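Chain by chain, the residues:
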Amino acid sequence: MRANLLELYQARELLYMWTRREVLARYKQSMLGAGWAILQPLAMMLVYVVVFTTIVKVDTGGIPYPIFAYTALVPWTFFSSAISTGVPSLVTNMGLVTKIYFPREVLPMANIGARLVDFLWASLLLVAMLILYHAPLTLNLLWLPLLLLIQIVLTVGVVLFAAALNVSYRDVGQLIPLIVQIWLYASPVIYSVESVPVQYQTLYYLNPMAGLIGGYRSVLLLGQPPDATGLVLATIVSLIACVIGYVYFKKVESTFADII
Amino acid sequence: MQPAIRFDHVSKRYQLGEQRRSLRDVASGLGRRLRGGPREDPSAKFLWAVRDLSFEVNPGEVLGIIGPNGSGKTTSLKLLSRITYPTEGRVTIQGRVASLIELGAGFHAELTGRENVYLNGTILGLSRKEIAARFDDIVGFAELEKFIDTPVKRYSSGMYARLGFSVAVHVSPDVLLVDEVLAVGDQAFQNRCFERMRQMRSSERALVFISHNMFAVRALCTKVLFLKNGKPIAQGTPDEAIRAYQNFSAQEETHAEQTPDSTLAQEEKMDSTPIRITGAAFLNTAHQSVEVFEFGAKMIVRLRYRATQPVENPTFSFVFFRGDGAVCEGSSTILCERSAGLVTGDGYVEFEIPQLTLIPGMYTMEVAITNQHVVVYDFDHRPEQFMVESKRALHFPRFIAMYPGEWRIVQGNAEPFVLGNFDTPVGPPQPIGLADTR
Numbered sequence: 001m002r003a004n005l006l007e008l009y010q011a012r013e014l015l016y017m018w019t020r021r022e023v024l025a026r027y028k029q030s031m032l033g034a035g036w037a038i039l040q041p042l043a044m045m046l047v048y049v050v051v052f053t054t055i056v057k058v059d060t061g062g063i064p065y066p067i068f069a070y071t072a073l074v075p076w077t078f079f080s081s082a083i084s085t086g087v088p089s090l091v092t093n094m095g096l097v098t099k100i101y102f103p104r105e106v107l108p109m110a111n112i113g114a115r116l117v118d119f120l121w122a123s124l125l126l127v128a129m130l131i132l133y134h135a136p137l138t139l140n141l142l143w144l145p146l147l148l149l150i151q152i153v154l155t156v157g158v159v160l161f162a163a164a165l166n167v168s169y170r171d172v173g174q175l176i177p178l179i180v181q182i183w184l185y186a187s188p189v190i191y192s193v194e195s196v197p198v199q200y201q202t203l204y205y206l207n208p209m210a211g212l213i214g215g216y217r218s219v220l221l222l223g224q225p226p227d228a229t230g231l232v233l234a235t236i237v238s239l240i241a242c243v244i245g246y247v248y249f250k251k252v253e254s255t256f257a258d259i260i
Numbered sequence: 001m002q003p004a005i006r007f008d009h010v011s012k013r014y015q016l017g018e019q020r021r022s023l024r025d026v027a028s029g030l031g032r033r034l035r036g037g038p039r040e041d042p043s044a045k046f047l048w049a050v051r052d053l054s055f056e057v058n059p060g061e062v063l064g065i066i067g068p069n070g071s072g073k074t075t076s077l078k079l080l081s082r083i084t085y086p087t088e089g090r091v092t093i094q095g096r097v098a099s100l101i102e103l104g105a106g107f108h109a110e111l112t113g114r115e116n117v118y119l120n121g122t123i124l125g126l127s128r129k130e131i132a133a134r135f136d137d138i139v140g141f142a143e144l145e146k147f148i149d150t151p152v153k154r155y156s157s158g159m160y161a162r163l164g165f166s167v168a169v170h171v172s173p174d175v176l177l178v179d180e181v182l183a184v185g186d187q188a189f190q191n192r193c194f195e196r197m198r199q200m201r202s203s204e205r206a207l208v209f210i211s212h213n214m215f216a217v218r219a220l221c222t223k224v225l226f227l228k229n230g231k232p233i234a235q236g237t238p239d240e241a242i243r244a245y246q247n248f249s250a251q252e253e254t255h256a257e258q259t260p261d262s263t264l265a266q267e268e269k270m271d272s273t274p275i276r277i278t279g280a281a282f283l284n285t286a287h288q289s290v291e292v293f294e295f296g297a298k299m300i301v302r303l304r305y306r307a308t309q310p311v312e313n314p315t316f317s318f319v320f321f322r323g324d325g326a327v328c329e330g331s332s333t334i335l336c337e338r339s340a341g342l343v344t345g346d347g348y349v350e351f352e353i354p355q356l357t358l359i360p361g362m363y364t365m366e367v368a369i370t371n372q373h374v375v376v377y378d379f380d381h382r383p384e385q386f387m388v389e390s391k392r393a394l395h396f397p398r399f400i401a402m403y404p405g406e407w408r409i410v411q412g413n414a415e416p417f418v419l420g421n422f423d424t425p426v427g428p429p430q431p432i433g434l435a436d437t438r
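Here the protein sequences come in this chain order: A and B. Under this note's numbering, the residue at position 105 of the first sequence is numbered 105, and the numbers go up by one with no gaps. Under this note's numbering, the residue at position 177 of the second sequence is numbered 177, and the numbers go up by one with no gaps.
Treat the hints loosely; a few may be bogus.
Stated by the list, open to error - With a straight-line cut-off of 25 Å between C-alpha atoms, the simulated DSS-like cross-links for lysine-lysine are:
1) B/Lys231 x A/Lys99
2) B/Lys146 x A/Lys28
3) A/Lys251 x A/Lys57
4) B/Lys391 x B/Lys298
5) B/Lys228 x B/Lys45
6) B/Lys146 x B/Lys129
7) B/Lys153 x A/Lys99
8) A/Lys251 x A/Lys99
9) B/Lys228 x A/Lys99
10) B/Lys298 x B/Lys45
11) A/Lys28 x B/Lys153
It should be emphasised that the hints constitute simulated quantities derived from the structure, not laboratory data. It should be emphasised that the depicted structure is a prediction, and the values quoted were computed from it without experimental measurement.
Kindly generate the complete structure, drawing on both the sequences and the hints.
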């Protein structure tokens, strides 16, 4: 395992170059370029605002719905798009996988990196909105890097696991959109964590995105630290997911070129 | 000194059929195991792509691997580049490995040549600093200085391949694996690539070269391995192994091998046709089978046949193929006024080419026996090769061949001066009759 991690470290330039390739390719291909990174969560937010303030009323505890939703949508979009582009990345680059040797995890991880760049663009708009809505500026903002780090750890684990699974089993690609959709409803994106009945909240926090998104909201909108239970559970589950994902990936990696 | 490459009784097995399973397959597999059945699907078919292969390559050596399609050459290369792993045995490699199997790996159409050089170089193992240091050499070798900042989607396929090859060749690996990528670019570029690989031989690197071009193999390799059906048939000096391969090709029954990605062999093809080609040779004026012809020399193409049943005036045809795949010229008995009558038993047909004016290069031949209508009795792309050479530099890849004939120049009102052709001897010009040429 240490040899694997060493090899990954040695391939860090490739990871950087490939991430750059993913970012540049997307931006050069679309008319909006980087604008698309902002547009995606923004468009979702507008839809949510219309639906969840007029048709189905969601209790946000007094926070205006647009900023309530957008604060969750930016990290959520990072997570879901990292999965949807990262999972097929091995099969998409099948030519490379069958012809050249390099640590294969570079491919899905580069996708995660590229979506992280999108995330940074989208958060520019988030910052603008936070200023607009007079969000409180407190020291609790220092929690943000940690929340992002945990989210990255979680994303890496999930994407590596699913990407490796996708190589061996064809159906996984079809199931992923469905799973992501369910996960969306299982996370406090549309609604708030507080809406979940108290007796289920600990169980609810087993979903790391719950603790993370709740944490983003607490820190950015309320000026409070993230919920302790949520954060602890999110950290533990994310670390487990990352380890399982990476170990499984490296275990089946040697069969990729034969199966793809 | 440690060998750079070592194959130790290596075997590789592939499963035939659909590789990626669905969850339904998993469920049925589980069901089978729960019922006490075997772990793997017993009806699954396997193929040994490589079987008990052992060899060593030391630094400074060039190993050539030859053999018919499906003999395990590409699998060996994949094992060497650690893309796949052996089912049995061990592969050991010392040092950095670069493979020229996929040129332009990682190239993205929207990025410029410059960006792709960095990308491709990184995939092949160079650091950004190393690429920057070699950048000018890479672009210079590929002769793409003017286009290096244009997106590669605007490149021609030749430019694309030249850039890919150039990057790979500048990686300076300890072990270089080359798989039939030399058929890109024009003759001048191919020569430079070949020279580069030759340089590696003297620089203490190990090189593994897979090719169907026996001339290249002979010129470049220090030892050669002949594979068939995944098994090593001959291993030794280039001449020994190439001779073994040519003997094998000359045998009458050649069953095509099954590989995971090729179609099933038509093993019964040979038995059901009344007449078939059993051999081919290229002869010089002394009727000796040779491999090298001077540009413009006479060549006799000889095709041996065997007719197990009498056939009425079969049509024999051949066409030459150049090493880069260009279809050249040929001939066919369909042009002949006379009929061969009823052909039966063993024999051969010969076609005499008075002046072989194909441009210098390596050539193979496709032959066919048909009847006057649609029926094809036999069709084969022959393994025999010949080379056309010329003392003059005739690097005109747009040309397939150059006509025999005569050049004349008339300057203003002067007399026509006969320049002649390649076979015109040097000497005083011959005056020609004026009345017929104006």
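Subject >> List of violated hint numbers, smallest to largest >> reply: 3, 10
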